[in-house]
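Mind docking chain B with the ligands on chain A? Use the hints.
Quick mapping for you: the protein sequence lines, in order, are chains A and B. The first sequence begins at 1 in the working numbering and counts up by one. The second sequence begins at 1 in the working numbering and counts up by one.
Be aware that one or more of the hints could be misleading.
Here are the simulated DMTMM-like cross-link-like pairs (lysine to aspartate or glutamate), alpha carbons at most 20 angstroms apart as the crow flies [to be verified]:
#1 A:K158 - A:D73
#2 A:K158 - B:E134
#3 B:K121 - A:D87
#4 B:K127 - B:E86
#5 A:K112 - B:E55
Label-pair distances were calculated between CB atoms; the ranges are [unchecked claim]:
#6 B:K154 - A:H130: 27 to 33 angstroms
#7 B:L7 - A:Q57: 57 to 63 angstroms
#8 B:V161 - A:D125: 44 to 50 angstroms
#9 B:V33 - A:D79: 55 to 61 angstroms
#10 A:D87 - B:S76: 17 to 23 angstroms
#11 B:L7 - A:L184: 50 to 56 angstroms
#12 A:Q57 - B:K91: 40 to 46 angstroms
#13 B:K121 - A:K195: 28 to 34 angstroms
#14 B:L158 - A:K17: 54 to 60 angstroms
#15 A:D87 - B:E155: 35 to 41 angstroms
#16 B:T84 - A:K195: 36 to 42 angstroms
#17 A:L113 - B:S76: 29 to 35 angstroms
#18 B:G137 - A:D15: 23 to 29 angstroms
#19 A:K211 - B:K121: 25 to 31 angstroms
Just so you know, the hints here were simulated from the structure itself, not pulled from any lab data. Remember, predicted model here, so these are calculated numbers, not experimental data. Where a beta carbon is used, it is the ideal one built from N, C-alpha and C, also for glycine.
Spelled out, the chains give:
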Amino acid sequence: MSCSLKLQDVCISLDEKVLFEKLDLHVSHKEKVAIIGENGCGKTTLLETIAGLHTKQSGLFELFHTPIQEKKDYKPLRDLVGYLFQDSNDQFLAPIVEDDIAFSLLARSLSKLEAKKRVDMILEDFGIEHLRKKVVYNLSGGEKKLVALAGVLVCEPKLMLLDEPTNALDSKMQEKLIQILSNLDKSIIVVSHHKEFIEQFADTIYEVRDKKLVRLT
Amino acid sequence: MHLFKKLLFLNIFVLIVILSILFVQDYDLALLVFLRSNAILILMLCLFGEKDFFEVSLGLQELRLPRFFVSLVFFSSKFIYLFTKEINKFKKTLHVRGFVGKTSWFTYQTYGDFIGMLILKSFYNAKKLSLALESRGFQTQIYTLKEPEKLNIKEISLMVVLLLSFLNIGKII
Ligand SMILES: Nc1ncnc2c1ncn2[C@@H]1O[C@H](COP(=O)(O)OP(=O)(O)OP(=O)(O)O)[C@@H](O)[C@H]1O
Ligand SMILES: [Mg+2]
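Next comes chain A alone, as it looks inside the complex:
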């Protein structure tokens, strides 16, 4: 099976604090991976590294079979990776819900008409059409999560990185999210503290232990 992501002997540190040492992670095509671990062990930093927002210190980092050494190696792959921020507020770039969801589409120079069609579709899928014209910063915590997630999903990335997607969602919405995510034929890496969600959704579960990833299932 082809490999979406390969990390080998990777070290990641933040301000001299070493978070990961000799880290290995393989994610094959369409695999659903969950990562758990204590607060502050560096899960968000790991996802940011995979999303190309933070550079690793050493080791091998391959994304869709392309080795990545510097930031510029990441550029052509940018469109293939979607990243959901832990705090949705950080993610919003436009003040109105529909504009924000459309942002990455329009930035990839899709036509307005096409972008609108796709936005309509995803709003309907998520059941949040009533939020369309609202100001993103005034939404409730769960609504923000949904809008942010819609903004990621709408671009149809091949690899999705989701940082705690279920926190702030009620149980009905969680069910729905599991259903939506399970039906996608994409590779997905999820960081979550939510046991039930992980068990239902993930093919493989890793835990962060002693600055490494330990495979649980």
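Only chain B with the ligands this time, still in chain A's reference frame:
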């Protein structure tokens, strides 16, 4: 009505200037300053008063102003909006945690801490914004799905008045 209130408020500053001119008994100049500054204020309020800054920046983009400038206005307005939200949240927190403003060290320290927090938070926000811009493929332009609005009668009449006043500007001065 809202605009009128804003105009009255801004006239406080105009009044200070005028009083200082009246002090040297130059009545003509005082009248001129009053009329002219009010003309400028009314024009500015008509253009920007009722709109929020997000829309103004989209308008600037439609007018083909440089993209970096438009993005600057746009993201500044985002931060100002978040700032005001932050301040309101802080007020609520103070209230909930039993803070009463007094003339005491503690009060001043709390306000000082708040300003410090705001500054730290803006650093944090700026950093996260740069990450979001990168991960969502920002290319020096902001977007909206909204169709550009058609010219309406109000705008056309404003344009005519402005043009006329520009033509007459020599005479007025
Ligand atoms: N900008 C920064 N500068 C210095 N240290 C940081 C910075 N950001 C995070 N850290 C530290 O790095 C460590 C890892 O942070 P990270 O956000 O990756 O943790 P996490 O595993 O996502 O935690 P959580 O489960 O609470 O979200 C933490 O100890 C944190 O204090
Ligand atoms: Mg985290």
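Tell me if the beta carbons of K211 of chain A and K121 of chain B are separated by a distance inside 25 to 31 angstroms. Given range 25 to 31 angstroms: holds, Cβ gap about 30 angstroms.
Has the hinted range 50 to 56 angstroms been met by the Cβ atoms of L7 of chain B and L184 of chain A? holds, 55 angstroms
Holds or violated: K112 of chain A with E55 of chain B, Cα cutoff 20 angstroms? holds, 18 angstroms
With the threshold set at 20 angstroms, check whether the alpha-carbon distance from K158 of chain A to E134 of chain B stays at or below it. holds, 17 angstroms
Just tell me: holds or violated, for the beta carbon distance of D87 of chain A and E155 of chain B against 35 to 41 angstroms? holds, 40 angstroms
Satisfaction of the hinted span 40 to 46 angstroms by the C-beta atoms belonging to Q57 of chain A and K91 of chain B: holds, 43 angstroms
Could you say whether the range 27 to 33 angstroms given as a hint is met by the Cβ separation of K154 of chain B and H130 of chain A? Holds: the Cβ-Cβ distance is about 31 angstroms, inside 27 to 33 angstroms.
Check the following: the C-beta atoms of G137 of chain B and D15 of chain A are separated by a distance inside 23 to 29 angstroms. holds, 28 angstroms
Holds or violated: K158 of chain A to D73 of chain A, with C-alpha atoms at most 20 angstroms apart: It holds: about 17 angstroms lies between the C-alpha atoms, which stays within 20 angstroms.
Given a hinted range of 29 to 35 angstroms, is it respected by the beta-carbon distance of L113 of chain A and S76 of chain B? Roughly 31 angstroms apart at Cβ, these two residues keep to the hinted range, so it holds.
Taking the Cβ atom of D87 of chain A and the Cβ atom of S76 of chain B, is their distance within the range 17 to 23 angstroms? Given about 21 angstroms between the Cβ atoms, the range holds.
Check the following: the C-beta atoms of V33 of chain B and D79 of chain A are separated by a distance inside 55 to 61 angstroms. holds, 57 angstroms
Every hint, counting from the list given before, is met by this structure.
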